[in-house]
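Residue strings, one per chain:
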Amino acid sequence: MMATTLLWPIIFPAVMALILFLLPSRIKLIREVLAVLSSIVILYLGFSLFSLKNLTLNVDWLGMGINFDFRLYQFSAFILLALSGFLFLTTLYSTIKMKDHPRIREYYAYIFLAAAFSNGAVLANNFILLIFFWEALLITTYALITLGLKPTSHRTAVKSLIIGGLCDFSMIMGIGLVWASSGTLTMDAVHLEPHGLAAAAFILMMIGAIGKAGAMPFHTWIPDAALDAPVTFMAFMPASFEKLLGIYLLARISLDFFELKVGSAMAMVLLIIGAATIVLAVFMALIQKDLKKLLSFHAISQVGYMILGIGTAIPIGIAGGIFHMINHAMYKTGLFLSAGSVEHRTGTTELKKLGGLAREMPWTALGFSVCALAISGVWPLNGFVSKEMVFHGALETGYPIFAIAAWVGAIFTFASFLKAGHSVFFGARSTEVPKTRDSQWPIVLPILILAILCITFGVYNRLPLENFIQPILAGRAEPGEHLDFTAGALNLFTPVAGVSMLCLLIALGLHFYGWKRGGKKAYLASEPIHHLPVLKQLYDLSEARFFDIYEQGIKFLVWLSRVLFKFIDRPIDFIYEKVVVSIGRFFTGLFQKAHNGQYANYLAWTIGGLIVVLWVMLKLLQ
Amino acid sequence: MVFSFIFLPLVIAACLPLIGKISKKLIPDVLTNATLAFLLINSILLIKPIFSRGSLLQNINWFGENVNLQIALDGFNLFMLFTISLVSLCITLFSIDYLKHYGHQANFYALLLVMVAGMNGLVLVPDLFSIYLFLEVAAVASYALVAFGLGPEELEASFKYLMLSVVASAFVLLSITMIFGLTGSLSFQAVARDLQDLNASLVLGVCLAFFIMGFGLKAALVPFHAWLPDAHPSAPAPISAMLSGLLIKVSGVYALFRIVYSVIGMTPVLSKVLMAMGAISIVVAALLALGQADIKRMLAYSSISQVGYIILALAIGTPLGIAGGLFHLFNHAVAKGLLFLNSGSIQHITGTRNLNELGGLGKKVPVTAGTNLVGALSIAGVPPLAGFWSKLIIIIALVQANHFGYALVAVLASILTLWYYLLIQRKAFFGPLNDRWQHIKEAPFWMSAANVILALLCLLVGIFFSPIFKTWIAPAADALARGVQQVLMWGI
Amino acid sequence: MIIQILLLSGLVLFSILAILLKDLLKAALSLAVASLFLGIIFFRLGASYAGVFEISVVAGLITVLFALTVALTRKDSEVQEARLTRLVFPLFFVIFLIIDGLVMKSLLQQVPALPAGPETGTFGDVLWKARTFDLVAQLGVILAGVLAVLALFRKKEEDKDE
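Just so you know, the sequences run in chain order C, B and Y. So in the numbering used here, spot 245 of the first sequence is number 245, and the numbers just go up one at a time. So in the numbering used here, spot 426 of the second sequence is number 426, and the numbers just go up one at a time. So in the numbering used here, spot 139 of the third sequence is number 139, and the numbers just go up one at a time.
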């Protein structure tokens, strides 16, 4: 295969985006068929490139080290394959779910553009190229959120743009420092010790990576988007694409660009961020009353596991983190898609209004249940395997606190999914929703595919672990040690696994207790936790957006702008009132109009500026 | 024929009032646009000799006698000529329809051509005093053009602009005089040569301070900026575009940096001072822009802020910094020209410039809204538009030169820039349609065409950034980076 | 030396008067007198052409234009100004003179001697041959001025009524 094949995953979706945009809105069937077929083509490209394992394309572009440099290797091929897979599932799903959307042309165009940009970012081997594609994703995210057509959609879209933009700028600064430290812009040529300047670069780039993945504190737009954006966007971006890209970059930062040592300061930063994200986000998820918002908080929480895994800097932990990334993408997408299926048939995702839908929507319920069990880490699904790997790694760092945080997260994850599943599908049939049946096959099929994959990746974990994950960590093992994670993966009778099972039982107990207390209403199952003494205040503050740095940041900037304006305005007035005419040389304009003296103002500033410049120059020249 | 850049517009401008008596609209339109198109093609054709030889010198022979009209063309000049012709052409295209508001197209075009001739002349002459004179040519034309509408607000703004400009010109002249006193000559080459031998750093410091003030006022550098937010909004939209997009850069940035780099030579002291002023401009103007209700005032403050970026980058002194500054100059000329023309479209369509009165225009006038968005995103530095690349290069250059504080300022100000531009978008184009605008229609053909051309430029330069960079920016940056050697090389 | 100082102070004094005087006509006349002083200074420095141009243009042409304008408009020949101006400006002017004197004194010692530059010759030579480009630019400025007058004083028939 020629090297330029590497450009196809980028150019082909972009071209399809244009075509899909230009098709008039009324030609529905052709558009849908075209979209699905294109995604299948891209998926095929992903498979064939993955089988190739190694390919590079390098074109001189701008000089100064900025080249058109793409590289396909195990890791990027794996991510590329995953991206194309999710693109296919989302597109298939969208053919029904987004059928009557007024701006359908734009929707498909943005989806394919986002795929093009994501592929470019994954394949890039030159930092400048990476920045280009990474930033471009901001636009497609913004545009897709506005397609939610809610009154607050635009505001949320701007929020995602600004938060994303801040993280991206941080990443650019980090890349600049990397360039200053290593002298090259080619990604696979950089390998630095994180000291001093390089440490700062590590932190800055890390912010960019985890911001894209949606970790705290850069997460606040995701729950808003859960309500304001179309649910297919939620399945597409925050659930799968952004996690894949963000954790891909984080893994590369920790493994390739910088030498992350066990227990080093940088690793501690990652561990702390990961643990905090897991716990804080899962507490927020627990009390949610809307299914989509609950799922979005879980998405944030699970990112914590991935970051925690990578932060352990121990092979099994890192492998666990990366494996968790792909697993999470699968079951979270499945969960969002099933939420969408429920929304499609009943028109709502509020837990209060739903109930007992399992009889009428059996396939959706099945898919949801499998994915929910997977995310909770129930044996023998894929979530169990990756979580166990992360637990092992966390324990080996020597700081049990992180493992404890991870287990606490596991408890409440399961508890909240018990609540969610119970409220939506099981329990008494809700009277607020009319009788319905299951969704059409293009909606249900992706969910089931993902559920089957969850089971497969769990039971037959050799497949993903040996083909995808282990090659990434090749060369990282201690001499003599054989890298094999699959051996004890499904072993239920180890202490670690035992603690995990205990957590699940605790969660079951909590849920049951809350359910009873709430008068046998499933959606109130989390209320006892909600109303615990300290937690209640924290929850209320959270609802009031007290912890949302974006909101606080906006308030601060508006205040600052006002203050600075006054500081510039008042002195001008001061000069006008007290010191009217020129301070230095002389021309008082005889200008008589309503704003008397305003010209003199300007002149005063001008001459004043001249004097300052003169003084500075002479001072510096002495 | 490099001299055509100066002579052709002047001659056509002289003829236009007479032509205007015969044909009020058609011939002036055609003639002006043809002239500018010719100049644009001419500037593109000149790339080849510059690439091969590095610089070009031309003399005029008047009936065999060697009349002392000399022009020196190098990468930097050519780049400016290209920018001037390109943006002016789009502006005159826009004016074809827009001038219906004012009438008297012939007068307007004549003044505009004189301004273009003045700018071209400023860019081409290798002589200090001639720079001052051509500065005045362009300035006088611009005073008249700002006041073209003859309303009280416009006249007042023009007068204030005039009075402040005159102060600036006086200081520039004073500085030129001092340099003449020091070296006894006025041509770049002679001055550059003589200054190298002279040990007059203190006096030169004073001269430079005057230059900074004079040209800084023309470039609207803080604290010499106060005239711009009053002058630009009151002028007719095409003139605001000319001023913000071209004049402040040519008569301010070009003149200052040409003298600083090629004649006197960049020193660390100067670099510090200019970088500090650039950074102050960026921040102060960006914050002031946030509170404005008039679109054009907000755009005017944004111009001040972006010129701050250009000056900050050019003052770093490294080749990458110079390249970034020049590229940003080009991008800003295109994008800000676009935005001001666009505000003219909005004013034409709705009759108001107040952001609080507009709303939801995006559905009714998609072309205007779309081009406005492209221009705004380009200046804010969003990929894949052109502004992203220039801002990126500037930030990288700052980091490379170890100016981390400035880099941080540049990055944060970028976010501010994005914010207030999104504010314009939201207030004017998105959101619910204000009932007043139920019956508006899209802007007339030439206005939209000019907007679309400029928007496409933003996009294409962003995507095909490499060839543009290699052809235009790199030679220009090299010409400046060679410093005083560049001028000494000319061998006049 | 004394004469030079007298002439310069006269120049400065009448310029300030031109700004401070309330009656427009008197202000215009002050300007004419100031330019007369400047012209004499030019003559004494040996720049006869500069002196001629200065006096004929400023003291002659411009003063006549101002006088005409004042005569034709006639309405407010008084100019209102903030009272503070009259007090503050002279004060600052004095302060400026002091600062200026100190700076100039220290600076003057640092200015290297003037060499005889390559651009010498008779006035005619310089104007027509050596600095021809400036003539072109000057033509440009005049053209700009003429066009500006044409533009700013046009009759507004078919107006901007859209």
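The hints are simulated quantities; they were obtained by calculation from the structure and are not laboratory data. Hints are not guaranteed to be accurate.
Simulated crosslink set (DMTMM-like; lysine to aspartate or glutamate; CA at most 25 Å straight-line) [unchecked claim]: (1) C:352 to C:259; (2) Y:22 to B:156; (3) C:619 to B:197; (4) B:427 to B:478; (5) B:25 to B:442; (6) C:555 to B:294; (7) C:99 to C:343; (8) C:99 to C:256; (9) C:150 to B:435; (10) C:28 to C:106; (11) B:363 to C:360; (12) C:289 to C:360; (13) B:48 to B:478; (14) C:99 to C:360; (15) B:364 to B:435; (16) B:427 to C:360; (17) B:363 to B:435; (18) B:100 to B:153; (19) C:353 to C:343; (20) C:353 to C:438; (21) C:289 to C:438; (22) B:441 to C:100; (23) B:363 to C:343; (24) B:364 to B:97; (25) B:363 to B:97; (26) B:364 to C:100; (27) C:150 to B:294; (28) C:516 to C:193; (29) C:435 to C:350; (30) B:364 to C:290; (31) C:619 to Y:23.
These figures come from a predicted structure and were not determined experimentally.
Is the straight-line distance between the alpha-carbon of residue 353 of chain C and that of residue 438 of chain C 25 Å or less?
holds (18 Å)
Holds or violated: are the alpha carbons of residue 22 of chain Y and residue 156 of chain B at most 25 Å from each other?
holds (21 Å)
For the pair we were handed, residue 353 of chain C and residue 343 of chain C, check the Cα-Cα distance against 25 Å.
Holds - the C-alpha atoms of residue 343 of chain C and residue 353 of chain C are around 12 Å apart, at most 25 Å.
Pairwise hint evaluation, residue 442 of chain B against residue 25 of chain B, where the allowed Cα distance is 25 Å at most:
holds (22 Å)
Regarding the pair residue 363 of chain B and residue 97 of chain B, is the alpha-carbon distance no greater than 25 Å?
holds (23 Å)
Restraint check for residue 427 of chain B with residue 360 of chain C, where alpha carbons must lie at most 25 Å apart:
The given pair, whose Cα atoms are some 46 Å apart, is violated under the 25 Å limit.
For the pair supplied as a hint, residue 363 of chain B and residue 343 of chain C, confirm whether the alpha-carbon distance does not exceed 25 Å.
violated (29 Å)
Is the straight-line distance between the alpha-carbon of residue 555 of chain C and that of residue 294 of chain B 25 Å or less?
Distance ~23 Å between residue 555 of chain C and residue 294 of chain B Cα, so the pair holds.
If you draw a straight line from the CA of residue 150 of chain C to the CA of residue 294 of chain B, is it 25 Å or shorter?
With Cα atoms ~29 Å apart, residue 150 of chain C and residue 294 of chain B exceed 25 Å; violated.
Going straight from one Cα to the other, do residue 619 of chain C and residue 197 of chain B come out at no more than 25 Å?
It holds: about 23 Å lies between the C-alpha atoms, which stays within 25 Å.
Take the C-alpha atoms of residue 99 of chain C and residue 343 of chain C, compute the straight-line distance between them, and say whether it is at most 25 Å.
Given pair residue 99 of chain C, residue 343 of chain C holds - Cα atoms ~14 Å apart, limit 25 Å.
Would the pair residue 364 of chain B and residue 435 of chain B pass a check requiring their Cα atoms to be no farther apart than 25 Å?
With Cα atoms ~12 Å apart, residue 364 of chain B and residue 435 of chain B stay inside 25 Å; holds.
Against the hints set out earlier in the document, violations occur for numbers 1, 4, 8, 11, 16, 22, 23, 27, 28, 30 and 31.
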